[in-house]
Amino acid sequence: MSILEVEGIKKIYTTRFGSNQVEALKNVTFKVEQGEYVAIMGESGSGKTTLLNILAALDKPTAGSVKLDARDLSRIRESEMAAFRRDNLGFVFQNFNLLDTFSIEDNIYLPLVLAGMKYREMQERLTKVAGRLGIADLLKKYPYEVSGGQKQRVAVARALITEPKLILADEPTGALDSKATDELLGLFREINESGQTILMVTHSVKAASHAGRVLFIKDGEVFHQIYRGNLTNEQLYQKITDTLTILTTGGERG
Amino acid sequence: MRGGFYPRIVLTGMKKNRRLYLPYLFTCIGMIMMYYIILFLAKNPIIASIRGGDSVQQMLSLGSYVMTFFAVIFLFYTHSFLIRRRKKEFGLYNILGMGKRNIGMVMFWETVFVALGAVGIGLFFGIVCSKLGELILVNVLKGDVKYSFLIDFAAMKQTMFLFGMIFLLIFINTMWQVGRTNAIALLHSENVGEKPPKANWFLGLIGIALLGGAYYLAVTIENPLDAMMWFFVAVIMVIIATYLIFIAGSVLICKLLQKNKKYYYQKKHFVSVSSMAYRMKRNGAGLASICILATMVLVMLAGSACLYMGSEDSLQTRYPQGIVTTVRQYDLGKMNDEEADKRRQTVNEIVAVHGGALIQPIEYRYATITGVINGDELEVDYRMYESSATVFKNLYQIYFVPLTDYNKMTGGQETLADGEAMMYTYRCKYEDDILNVHNGGSFRIIKKIPEFRINSNMAMDILPSIVIVVPDFEYSLQKIAALKTENGEQMLIPYWYYGFDLNADVDEQVEITQEIYAALKAGIDADAICYCESREANRYDFYATYGGIFFLGILLSIVFLFATVLIMYYKQISEGYEDQARFAIMQKVGMTKENIRKSINSQMLTVFFMPLVMAVVHLAFAFPMIRKLLMLFNLMNVRLLVLTTLVIVLIFAVFYAVVYKITSNAYISIVSDAKNEKM
Numbered sequence: 001m002s003i004l005e006v007e008g009i010k011k012i013y014t015t016r017f018g019s020n021q022v023e024a025l026k027n028v029t030f031k032v033e034q035g036e037y038v039a040i041m042g043e044s045g046s047g048k049t050t051l052l053n054i055l056a057a058l059d060k061p062t063a064g065s066v067k068l069d070a071r072d073l074s075r076i077r078e079s080e081m082a083a084f085r086r087d088n089l090g091f092v093f094q095n096f097n098l099l100d101t102f103s104i105e106d107n108i109y110l111p112l113v114l115a116g117m118k119y120r121e122m123q124e125r126l127t128k129v130a131g132r133l134g135i136a137d138l139l140k141k142y143p144y145e146v147s148g149g150q151k152q153r154v155a156v157a158r159a160l161i162t163e164p165k166l167i168l169a170d171e172p173t174g175a176l177d178s179k180a181t182d183e184l185l186g187l188f189r190e191i192n193e194s195g196q197t198i199l200m201v202t203h204s205v206k207a208a209s210h211a212g213r214v215l216f217i218k219d220g221e222v223f224h225q226i227y228r229g230n231l232t233n234e235q236l237y238q239k240i241t242d243t244l245t246i247l248t249t250g251g252e253r254g
Numbered sequence: 255m256r257g258g259f260y261p262r263i264v265l266t267g268m269k270k271n272r273r274l275y276l277p278y279l280f281t282c283i284g285m286i287m288m289y290y291i292i293l294f295l296a297k298n299p300i301i302a303s304i305r306g307g308d309s310v311q312q313m314l315s316l317g318s319y320v321m322t323f324f325a326v327i328f329l330f331y332t333h334s335f336l337i338r339r340r341k342k343e344f345g346l347y348n349i350l351g352m353g354k355r356n357i358g359m360v361m362f363w364e365t366v367f368v369a370l371g372a373v374g375i376g377l378f379f380g381i382v383c384s385k386l387g388e389l390i391l392v393n394v395l396k397g398d399v400k401y402s403f404l405i406d407f408a409a410m411k412q413t414m415f416l417f418g419m420i421f422l423l424i425f426i427n428t429m430w431q432v433g434r435t436n437a438i439a440l441l442h443s444e445n446v447g448e449k450p451p452k453a454n455w456f457l458g459l460i461g462i463a464l465l466g467g468a469y470y471l472a473v474t475i476e477n478p479l480d481a482m483m484w485f486f487v488a489v490i491m492v493i494i495a496t497y498l499i500f501i502a503g504s505v506l507i508c509k510l511l512q513k514n515k516k517y518y519y520q521k522k523h524f525v526s527v528s529s530m531a532y533r534m535k536r537n538g539a540g541l542a543s544i545c546i547l548a549t550m551v552l553v554m555l556a557g558s559a560c561l562y563m564g565s566e567d568s569l570q571t572r573y574p575q576g577i578v579t580t581v582r583q584y585d586l587g588k589m590n591d592e593e594a595d596k597r598r599q600t601v602n603e604i605v606a607v608h609g610g611a612l613i614q615p616i617e618y619r620y621a622t623i624t625g626v627i628n629g630d631e632l633e634v635d636y637r638m639y640e641s642s643a644t645v646f647k648n649l650y651q652i653y654f655v656p657l658t659d660y661n662k663m664t665g666g667q668e669t670l671a672d673g674e675a676m677m678y679t680y681r682c683k684y685e686d687d688i689l690n691v692h693n694g695g696s697f698r699i700i701k702k703i704p705e706f707r708i709n710s711n712m713a714m715d716i717l718p719s720i721v722i723v724v725p726d727f728e729y730s731l732q733k734i735a736a737l738k739t740e741n742g743e744q745m746l747i748p749y750w751y752y753g754f755d756l757n758a759d760v761d762e763q764v765e766i767t768q769e770i771y772a773a774l775k776a777g778i779d780a781d782a783i784c785y786c787e788s789r790e791a792n793r794y795d796f797y798a799t800y801g802g803i804f805f806l807g808i809l810l811s812i813v814f815l816f817a818t819v820l821i822m823y824y825k826q827i828s829e830g831y832e833d834q835a836r837f838a839i840m841q842k843v844g845m846t847k848e849n850i851r852k853s854i855n856s857q858m859l860t861v862f863f864m865p866l867v868m869a870v871v872h873l874a875f876a877f878p879m880i881r882k883l884l885m886l887f888n889l890m891n892v893r894l895l896v897l898t899t900l901v902i903v904l905i906f907a908v909f910y911a912v913v914y915k916i917t918s919n920a921y922i923s924i925v926s927d928a929k930n931e932k933m
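Going down the list, the protein sequences come from chains A and B.
Each residue of the first sequence is one higher than the one before, counting from 1 in our numbering.
Each residue of the second sequence is one higher than the one before, counting from 255 in our numbering.
Keep in mind that a hint or two might mislead.
[Unchecked claim] Pairwise CB distance ranges, derived in the manner of DEER restraints:
id: 1; chain 1: B; residue 1: 510; chain 2: A; residue 2: 81; range: 55 to 65 Å
id: 2; chain 1: A; residue 1: 145; chain 2: B; residue 2: 315; range: 28 to 38 Å
id: 3; chain 1: B; residue 1: 433; chain 2: A; residue 2: 95; range: 30 to 40 Å
id: 4; chain 1: A; residue 1: 23; chain 2: B; residue 2: 907; range: 25 to 35 Å
id: 5; chain 1: B; residue 1: 855; chain 2: A; residue 2: 84; range: 22 to 32 Å
id: 6; chain 1: B; residue 1: 539; chain 2: A; residue 2: 234; range: 51 to 61 Å
id: 7; chain 1: A; residue 1: 147; chain 2: B; residue 2: 510; range: 25 to 35 Å
id: 8; chain 1: B; residue 1: 539; chain 2: A; residue 2: 23; range: 48 to 58 Å
Keep in mind the hints are simulated off the structure, nothing from the lab.
A virtual CB, placed ideally from N, CA and C, is assigned to each residue, including glycine.
Put together the whole structure using the sequences plus the hints.
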């Protein structure tokens, strides 16, 4: 069953005085199945951030539709949107987006508190998630006291604790060193193996090579996609590099 | 670069940052306006021509110094907010290739624009409003309104000079600040991370203890003179305590709230409690300043308003009778009945000539001496006083009154044997039944007098008074009269006192007073001195002095209010910019706009109304002290004081609420700008 259906999405930005129109997304169509781990690749300006904003319901497409778990995002009222995002989507950002006013623990609790959950239940969920992500001894600390890799794990914990249908990750390894990157990618793999659907936007080949499927976006369209099949990470890495070479040197659609 | 470049870049910069610049401009304008008005009134010939106007003008000149002091501190403070916000912009200019010299030029033009705009507009409104100020002041002084419109060019020049200097100093300070930092630091100057504060039990407890001590002092002080001495001690204690409590105490409270999981992990409290806890260390100081300024405004307004409203009361207290005549003569022997009769007749004849009738006249002789009472011992020789601190507390003014005069006045038939006396205490208590005057004999108090018609000396004296009715003057006071100061002067000073009300109009009363004075002066010995005062002649001075204090109180309150409002505004605005990113994150994590609004409201309400509540509590505890202090001004009307204070607190609270509304709107609009930012 498809958890995410993106159908013919188009996004046109109009400059302030209406004289100039920029087409960020021309026509994007793809599906994500339950339990899949999809990476979306593309260069800066290819429209991947626009796409992610639309998937996160932070922005509305000019045309086309996005369905999450068979629910059309454009049908959801503005007032319910925040709650919908909170319950169905988990976000992991490049710059972690942790609140420095909160302890690690409180950062992870935040979405649950907003959902109005009871403390006891929150606590149970936290214990589970923290154990799984290996951050149990960090809980009482503050974001400024922990490393970048640890911060990103906290952000993942915050995304997971609501048990979302889909995790949206925006360049999750962008601010991490190589060791922390490896750890995080391993973590994503584990999470995915336990059944969590992940959609990751990145231009790191290494990050993408951990995914089950890689979509390439160029000039606002899905240009190509690669399935992992039985490939190892290294083999997939090679294939992605090849594709990117074609993509940047302007080869025809493969 | 062409000539118009800097002005243009400055103007766009200011326009973009108008949320920051407008309040700063308003402050400058307000300060300049107030300063000009104060100067204008201090030199205004119309005010000077009113009776009592000169004393008001003296007060206003004093006020202008306070204003100067305050304007410097205050403009520096607000400007530092601006610079902190704009450092990033300067960093960007720096990276784009503008040297520090160029940034200096930008700052120079900016200062010029602000200075020209503020001085121009400020003086314009100052000139317009100075007439209004004059009208109010004339009205307060109960003078006649004359219509004229004038501009005081000297005051204008002085205002321009003062504020020109202040702007120059601000410019130099800014240059110094910009010169000290490099581009990268300028760019990042806003995002310096901060540790969440630790709760400091020790400081919090000291704060509470200090406040408790100050409150205890304020409530327990009995004596107006003590109140005057201890008032400043209490004020300093309260100021320190307020800072400690807001800085350490507020963190403590937040930490306690965070420990209470059920309370803390609720949508309503979660965000606001945590961000308050995080900020309190810095916030605490700001909140404490607001609280202290608010307290100052309240105390100043309440005190001066009471003085003014109570002018008539004080006047009546100060002059127990409409016309008061005293003759001072050192020789007790000459204070005999014949002399008294002669003087009384002189006065009565003058009143009769004017066709007036005496109402409730009182006449008695008294001999007065100052001394320290320790137990039942009265020490009148100041060379024998011990340390000065305790002396003040036990200093009394003693009035000896002969029994014959007392009986005549009350129509009673009291009798006293040698060494016996009756006592009346005014604004004090005396418990012993004997009073030993050191080197002056003893008086056995056989009776306490419940009521006594006080004279004007007792009324105006800041020392508490004790009246001792003695069998006679010459014999009973013989020993005391023999006491001399080191200059050989007699310590005991005898007076003849004659006071009465008169049903005549103001001018006639003043005239009679002058005639009585002239006639008595002609009839007394060379070593004697006579006084004749009337309530009516002093009414103007009373209204002028108290009205002047009130007027100045209002002017300074406006200035302090400006300060309070601006500190709050800038605090919230700068926090708003800091919170923008935070609320953006929260929205991504699933916070609705409604949640944000609620959390902001609960935060702002606490932040705003905590200082107000605290200020009102301060005022409540300061109240007994204010009452005692006002006693020194002959103001005893507690009901008036309570009412005035309540009205002022009410007005202040309404004003505060309006500022809260404006500020919270600005804050919310800054924070919700974040919604336009995407991932």
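Here's how the hints hold up against the structure:
Checked against the given bound of 55 to 65 Å, the beta carbons of residue 510(B) and residue 81(A), roughly 36 Å apart, lie outside it. Distance hint check for residue 145(A) and residue 315(B): the Cβ-Cβ separation is about 57 Å, which falls outside the suggested range of 28 to 38 Å. Here the CB-CB span from residue 433(B) to residue 95(A) is close to 32 Å, well matched to the stated 30 to 40 Å. For residue 23(A) and residue 907(B), the hinted distance range of 25 to 35 Å is not satisfied, since their beta carbons lie about 57 Å from each other.
Restraint check, residue 855(B) to residue 84(A): a C-beta distance of roughly 24 Å satisfies the suggested window 22 to 32 Å. Between residue 539(B) and residue 234(A) the beta carbon distance is about 58 Å. The supplied range of 51 to 61 Å therefore holds. Taking the beta carbon of each, residue 147(A) and residue 510(B) are about 31 Å apart, inside 25 to 35 Å as hinted. Residue 539(B) and residue 23(A) have their C-beta atoms about 53 Å apart, which keeps the hinted 48 to 58 Å range intact.
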